[in-house]
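Novice: Could you build all of it, start to finish, from the sequences and the hints given here?
From first to last, the protein sequence lines stand for chains A and B. Per the numbering used here, residue 1 is the first one in the first sequence, and the count goes up by one each step. Per the numbering used here, residue 521 is the first one in the second sequence, and the count goes up by one each step.
No wet-lab data here; the hints were simulated from the structure. One should not assume that every hint holds.
From the structure, some residues in chain B lie toward chain A, with a derived Cβ separation under 10 Å [unchecked claim]:
#, residue
1, Ser-557
2, Ala-564
3, Thr-566
4, Leu-654
5, Tyr-655
6, Ala-683
7, Thr-701
Listed next, the in silico DSS-like pairs over lysine-lysine satisfying Cα-Cα at most 27 Å (straight line) [as the list claims (entries may be wrong)]:
#, chain 1, residue 1, chain 2, residue 2
8, B, Lys-710, A, Lys-516
9, B, Lys-623, A, Lys-515
10, B, Lys-710, A, Lys-515
11, B, Lys-628, A, Lys-515
Even glycine gets a Cβ: it sits at the ideal position worked out from N, Cα and C.
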Amino acid sequence: MKRIIIPLIALSIFALYFISTITKKDSEQTPVAELKERYSKKERPSVDHSKFTQLQKKFNRPQEVTAACIACHNERHTEVMRSSHWNWEREEYIEGRGIRYVGKKNILNNFCIGINTNEQSCNKCHIGYGWGDKNFNFADSNNVDCLACHDNSDTYVKKSSGAGMPDPSVNLTFVAQRVGRPTKSNCGTCHFFGGGGNNVKHGDLEKSLFDTHRAVDVHMAGDGGNLDCVDCHKTEKHQMLGKVYSLSSMNRNRSTCEQCHTGTPHANNVINEHSLKVACQTCHIPVYAKVNATKMQWDWSTAGKMENGLPYETKDSAGNIIYASIKGTFRWETNVQPEYIWFNGTASHYLTGDTVSADEPIKMNTLYGSYDDPDAKIIPVKIHRAKQPYDPVNKLLIQPKTFSAKEGDGGFWKDFNWQTSIKLGMEYVGLPYSGQYVFARTEMYWPVNHMVSPKAKTVACKECHTRENSRVGSLKDFYMPGRDYSAAVEFLGTGAIIASLFGVAVHAFVRIVSKKKNIK
Amino acid sequence: MHTQLVYSRFNRFWHWMQSVLIIFLALTGFEIHGSISFFGFEQAVTFHNTAAYIFLILIALAIFWHFTTGEWRQYLPTRQHLRAQIEYYITGIFRNAPHPTRKTALSKLNPLQRLVYLALKIMVIPIMVVSGLLYMFYRYPQSNGIESLNIEGLRVIGILHTAGAFFLISFIIAHLYLITTGHSPTSNLKAMITGYEVLESEKE
Numbered sequence: 001m002k003r004i005i006i007p008l009i010a011l012s013i014f015a016l017y018f019i020s021t022i023t024k025k026d027s028e029q030t031p032v033a034e035l036k037e038r039y040s041k042k043e044r045p046s047v048d049h050s051k052f053t054q055l056q057k058k059f060n061r062p063q064e065v066t067a068a069c070i071a072c073h074n075e076r077h078t079e080v081m082r083s084s085h086w087n088w089e090r091e092e093y094i095e096g097r098g099i100r101y102v103g104k105k106n107i108l109n110n111f112c113i114g115i116n117t118n119e120q121s122c123n124k125c126h127i128g129y130g131w132g133d134k135n136f137n138f139a140d141s142n143n144v145d146c147l148a149c150h151d152n153s154d155t156y157v158k159k160s161s162g163a164g165m166p167d168p169s170v171n172l173t174f175v176a177q178r179v180g181r182p183t184k185s186n187c188g189t190c191h192f193f194g195g196g197g198n199n200v201k202h203g204d205l206e207k208s209l210f211d212t213h214r215a216v217d218v219h220m221a222g223d224g225g226n227l228d229c230v231d232c233h234k235t236e237k238h239q240m241l242g243k244v245y246s247l248s249s250m251n252r253n254r255s256t257c258e259q260c261h262t263g264t265p266h267a268n269n270v271i272n273e274h275s276l277k278v279a280c281q282t283c284h285i286p287v288y289a290k291v292n293a294t295k296m297q298w299d300w301s302t303a304g305k306m307e308n309g310l311p312y313e314t315k316d317s318a319g320n321i322i323y324a325s326i327k328g329t330f331r332w333e334t335n336v337q338p339e340y341i342w343f344n345g346t347a348s349h350y351l352t353g354d355t356v357s358a359d360e361p362i363k364m365n366t367l368y369g370s371y372d373d374p375d376a377k378i379i380p381v382k383i384h385r386a387k388q389p390y391d392p393v394n395k396l397l398i399q400p401k402t403f404s405a406k407e408g409d410g411g412f413w414k415d416f417n418w419q420t421s422i423k424l425g426m427e428y429v430g431l432p433y434s435g436q437y438v439f440a441r442t443e444m445y446w447p448v449n450h451m452v453s454p455k456a457k458t459v460a461c462k463e464c465h466t467r468e469n470s471r472v473g474s475l476k477d478f479y480m481p482g483r484d485y486s487a488a489v490e491f492l493g494t495g496a497i498i499a500s501l502f503g504v505a506v507h508a509f510v511r512i513v514s515k516k517k518n519i520k
Numbered sequence: 521m522h523t524q525l526v527y528s529r530f531n532r533f534w535h536w537m538q539s540v541l542i543i544f545l546a547l548t549g550f551e552i553h554g555s556i557s558f559f560g561f562e563q564a565v566t567f568h569n570t571a572a573y574i575f576l577i578l579i580a581l582a583i584f585w586h587f588t589t590g591e592w593r594q595y596l597p598t599r600q601h602l603r604a605q606i607e608y609y610i611t612g613i614f615r616n617a618p619h620p621t622r623k624t625a626l627s628k629l630n631p632l633q634r635l636v637y638l639a640l641k642i643m644v645i646p647i648m649v650v651s652g653l654l655y656m657f658y659r660y661p662q663s664n665g666i667e668s669l670n671i672e673g674l675r676v677i678g679i680l681h682t683a684g685a686f687f688l689i690s691f692i693i694a695h696l697y698l699i700t701t702g703h704s705p706t707s708n709l710k711a712m713i714t715g716y717e718v719l720e721s722e723k724e
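Specialist: This is how it looks when you write it as structure tokens:
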């Protein structure tokens, strides 16, 4: 007997080994090691701008710096002026709506709501000088702010409520001589502080990333990839790769994990197969807002309370503002587990002027996708929920005037009068206002793409493939092993096992009893 | 009465290998299904898939064996003595009545066994194999763009595969008990281990 069993087992093992070798790719160096090697070589600038005589003079106005830049880089400004960083809008095809021009210029969000009438304050983050109202001249190349992105001295700051002008303290000559490839601090100055404070908007982009470690973000960490933003958000002729679906709508020009890591980076093929329906981020970003809290809720309806006749702020123990008279009540969270949705790369938006019912939470942006959609994958999102002003008669979300330089100009943050603030805001954007406002519930979807965790912290199989508290428990449009089952099959199957055991037990019992009887 | 080789070497190897694999597949399978915890989900998936490949090889060998030896005829269903066999299990066995059919090397299975094993061979195992293969490979066709092999999802496959697993476990429970109903409680087990069994002679 043994003579045949051993060769057969050996044959089976050999066959299995053979099968495993034809499916596994062997490479001497892992792809990640290759990437690390490639990106450890930092680019060195080919010129030293401090040696250019054109820059060795005193600049009185920032526009003079721009003119000096353009004098040599004499076509670059045209590239910049075609970018969404300059225009704050893009041409987008939106499903069911056709081609629309969408961007910060005209869209509403559920944070500070919108830039219109508030340009002085919001447009601090525009890469231009002086966009203070809708008369800003987008054709004037001298207004391009090269320094916001190219300052390598870490001394360039824009003035608060200065419509994008630099702070008077900035030494323009010093900065102009120290320009180069954008670093994390150039991008982070705006992108980490959107919505009026650190980590308010994204949740996965905040100031701790300026200097972080692997546990927070393997890519940006000094002890990890030490990557700059533009290493992944590759830029050709000032057109950045990647955008976020708070504003964009089309599946194009995306910065993806696969661009470096390929679509099948795992040794285990079962895990590689997941990539057909599951985005990398879903497993590799188990939580976001790992260091500092992110804003999860914003309730504008409580704004305007006074203490001794003056506006005030309340902070929690971690220093997060949980109430501000100018903005209302906030809820902050750290180490947030994302929510999960299907996403095919296309989105729609609430566009200023859309009439919409407020019975259900209004979606500021709708990310499309479902299990049946071959282009859709499960992605992690931060959903920011808010209550914000809404005109129940005209069924419009409201653009209020929040900012004013001084009291009496009607901005809510100075005068705390919704009626005036709404009237001025809606007039400015050319929309009717009925005179009535309520606070409507809104939701905004933010795909989570950063703060990728080290391998050991990756979401485990069981966190999704489980019957109770599955991370993807809300996505019910497909059958998932370990999570789903047929109640009928479960009932009948368990019943069959119990019936078999019971039947066997009864039969055995009767047999034993009758055997004794027969012996007697 | 005489001692005879009833289960050939390969027959026994196939039987025991199959029983180990089915129990192992059930253990790992029900872990994947979320019913039990033992190896951990990822390990359970890896083990389940590996065991499935070994099972496929075993099935291929068994099919070859069945046809080259003619053993497949053992599973041809018959109505002769079927009722008697059922009655034996319900009443006769308690009265110490004789087995209604005689086991020989050429006819090892009673009519009831023939039916059940045939159902296993042509229904349950094929369902498990086909649904299992689709379970493992259903994404590949889609990613390779073979539209005709596209499957909407795992729901039907998964539920069918689970139902088959429940059936097999019930079968094993009944099987483990029924093997004690031979001439002595352990005679069938001994026969499947050694291959030899004491059979009634023809002239009795």
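Novice: Now tell me, hint by hint, if it's right for this structure.
Specialist: Hints, one by one, checked against the model:
no.	hint	verdict
1	Ser-557	holds, 9 Å
2	Ala-564	holds, 9 Å
3	Thr-566	holds, 8 Å
4	Leu-654	violated, 12 Å
5	Tyr-655	holds, 8 Å
6	Ala-683	holds, 5 Å
7	Thr-701	holds, 8 Å
8	Lys-710(B) / Lys-516(A)	holds, 24 Å
9	Lys-623(B) / Lys-515(A)	holds, 23 Å
10	Lys-710(B) / Lys-515(A)	holds, 22 Å
11	Lys-628(B) / Lys-515(A)	holds, 26 Å
The structure is inconsistent with hint 4 alone, although it conforms to all the rest.
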